[in-house]
Amino acid sequence: MPSDALPTRRPRSEHWVAPLDETPLQAVDAADTTSTPRSLWAEAGHSLVRNPVFVISALLILFVLFVAAFPQVFTSQDPRYGNLSIANQPPGSEHPFGTSRQGYDIMARTFWGARTSVIIGFFAMLGSTLIGGMIGALAGYVGGWFDEVLSRITDVFFAVPLVLGAIVVATRLGEMSLWTVIAVLSVFGWTNVARIMRGAVISTKSQDYVTSSIALGASSPSVLLRHVIPNAIAPVIVTATVNLGVFIVAEATLSFLGVGLPANAVSWGGDISAARDALRTQPSMLFYPSVALAVTVLSFIMLGDAVRDALDPKARKR
Amino acid sequence: MIWYIGRRLLQMIPVFLGATLIVYLMAFYTSGDPILALAGDKPISPAVEQQLREQYNLDQHVLVQWLLYLKSVLTFDLGVGFNGRPIWDQIAAAFPTTMRLAIIAVVVESIFGIIAGVISGLRKGKLIDTTLLMLSLLLIATPTFVLGFLAQFVFGLQLGISPINVGRDPSWVNLLLPGFVLGGVSFAYVLRLTRTSIAETATADHVRTATAKGLTRGGVVSRHILRNSLIPVVTFIGADLGALMGGAIVTERVFNIPGIGTLLFSSITSGEAPMIVSLVTLLVIIFLLSNLVVDLLYGLLDPRIRYAK
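Sequences listed follow chains A and B, in order. What the first sequence shows, in our numbering, is residues 1 to 318, in sequence order. What the second sequence shows, in our numbering, is residues 1001 to 1309, in sequence order.
In case anyone wonders, no lab produced these hints; they're calculated from the structure. Among the hints, erroneous ones may be present.
[Unchecked claim] A few chain A residues that face chain B, going by a derived Cβ cut-off under 10 Å, partial list only:
| # | residue |
| --- | --- |
| 1 | M134 |
| 2 | L138 |
| 3 | V142 |
| 4 | V168 |
| 5 | G258 |
| 6 | R276 |
Nothing here was measured: the structure is a model prediction, and the numbers come from that model. By construction, the Cβ of each residue, glycine as well, lies at the ideal position given by its N, Cα and C atoms.
Isolated chain B (complex conformation):
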């Protein structure tokens, strides 16, 4: 197990390096001078420009810049952002909000998605199954920001039970509606995955055996059908955690939540390359780690799975 985790962590290194290199090249190379972006419309004196170029290592070759950047990531010293605050502080201030949002979304999509999927899968072809399937298709086909607008319109304007804009230091309650919106599309995917998987397992021999030996329906469903159907669902949810952090760009913008997504978007539009690269690096790390956790969960769900040394 320890060996397996170690090997997986080693395998992450090339992916991590590649992803940061791509983002680095994208942010630094695809036209636009970050120092001019920092200066804005005002002219900048050559001395200041020179000093800034050295501060951000822009006088070096781009690959050297990338290596210097990796060093700064490893030493947790990401430098100072364009607004003068350390990048690390800005990320640390925004991260808890987005993490809360993502946790709400993951809880929503897992609990509701799996419950709805089980109901749907066990009653395949019935009215409730068709209704849930249509609902999931509608959710998948609606862009997240449209869902957000609709939620604002219905719960914010018409019913008045939730604030339209969330604002600074939001509580869990205030993040509930944005969290539901963020998890909406994934809920639909979890529902469909669970449904397919459950419907397949429900006809398996071991399920008939379990029923025949007198287990209650609830016991059969929870211990024999559900546990054997969850692997694809867990795979999806794990991969989704990373995607949700990225998807937060849209949700946070709709509800004006000052999180990672807002930070990322504002740094992208102002051309603040060091911040963009740091944030994308963070998202990639979260994505890779959540995939590792998923692979470790496989063993819990299916004891037959062994981790090679």
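Extracted from the complex, chain A is given alone in its bound form:
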């Protein structure tokens, strides 16, 4: 029976061939067969620039980055100057977003707050991606009991929610600086990167080109760094982009709980939680920093989505 299942190639035996879809000859001639095929990233970049979601989110992110770098372009007011005699003013010509209960200019604080959020989001993303990427890549590449141990460690950290772990450490450290917030978020936020990296590395390492480079005598570190990681990094980059937004939200949540940045820091999270007591009297204290935060996080999530679709050939065709 097994021999019958194999395709037979006996002489003079006829077999039926399914009709092919006809491709016009001009199209075949037009195909450029000499140029090198585009890489995954070039292909993705090509489709990204035509995707309105990508263009909009990229422009928004550029704008946020510009605000974070040069907030003084948008406002001449000092975000740390509180003038109680002008507290709780509605939006007007002097203070376009109004003033807070402490007499701060809400517009100045909204623009200057971008810097804090962007720095925390970016470096926490960098830190967690480095930790998670290394652990995930080693677990996936080495495998065996080593993978088992690293995966269980990942499970342990995964079981402790990000904000919860951050609160426990943050309270214990007392007053947190920008960098301790970043460190705490990185230490508790790397697990999803590690899981995705591990999965991607496991599926990449069974590819033919990896086997052949091992056969050619390449050392394990060089195979991992030159062949496996570059081909497994795409989903990690997508996750990291979305994580950046998640970290900005987490920082705001910590500030809301009173265990984040010190009270004199200019941050959206701190301003939003200060707005709680003024919900009735000065809603614009809540409105502007919330909108700024939501738009920033939204643009990073949309960017991640767009890049994911562009890297997935199945999704791209549709």
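Following the hints, position chain B against chain A.
Frame of chain A, contents of chain B only:
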């Protein structure tokens, strides 16, 4: 099946030990003396201090403390909290409230999330799909506490149909608004997961077969598309139950609900390490158990999945 459950329960043990050890080390080691935290600003007599140190095993090595703590968890005798009430009683008093809150949130995110996801996935690219997607993105990008403030502002202050602060022994009705807020972000994730999954399954061969043999649209959607698309969604909801209990810290604080989150937060700020560790242990156990339930649900959704012995 029994074997599978047993094996999974055994696999939980190292994760459980590791998570409690981490929290234990964090709560006890990262600076700060819990006895001084208990005493507050007042000076404390050496005799009392010595007695308290022995009561909380603080005179032992930290690993011995951890082992003693594990023993106390296994014997359900968690000791007395800083306010003099047994820790077990305090948790038992706060737990039902948070459980109710989490149940409301899970029901909200499952029912609304799956319905919206099905609508969105079956009409991919249409106006309703785009609208729902934008709504989900907005919900994901808004921190839960901002959502809570907005809900308080709109439903509490403007419309006046829901209390702004919930208070002690809340009823299910009073917990409805906080529950919606808690489940808001997860609703968005469930919607997006369902949508992707549904859109993928809707073009599968077996769906075309089901339509071709004359099933009604509703039958095709509910029995052939939905059931085959639910696995990633169920995975997320299960993992989310544990996260929701942790996320309750924020929601309970916004609405002043005396639950696990409030208890946890107050014990964290007062440096009450035994309470912190107990609560985090509880959350980790809930997280692990809900993940196990999810894995068992896989077999129900997809009869092809078999559990290895």
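Status of each hint after checking the structure:
The interface hint given for M134(A) is broken, as the beta carbon of that residue sits about 19 Å from the closest beta carbon of chain B, more than 10 Å. With 10 Å as the threshold, the beta carbon of L138(A) stays out of range of chain B, its nearest partner Cβ sitting at about 18 Å, so the hint is violated. Proximity of V142(A) to chain B is violated relative to the hint, the smallest CB-CB distance being about 19 Å (cut-off 10 Å). A distance limit of 10 Å between C-beta atoms decides the matter here; for V168(A) the minimum to chain B is near 5 Å, and the interface restraint holds.
Interface hint status for G258(A): upheld, as the beta-carbon distance to the closest one in chain B is roughly 8 Å, under 10 Å. Below 10 Å, beta-carbon pairs count as interface contacts, and R276(A) has one with chain B at about 6 Å; its hint therefore holds.
Hints 1, 2 and 3 from the earlier list are contradicted by this structure; the remaining hints agree with it.
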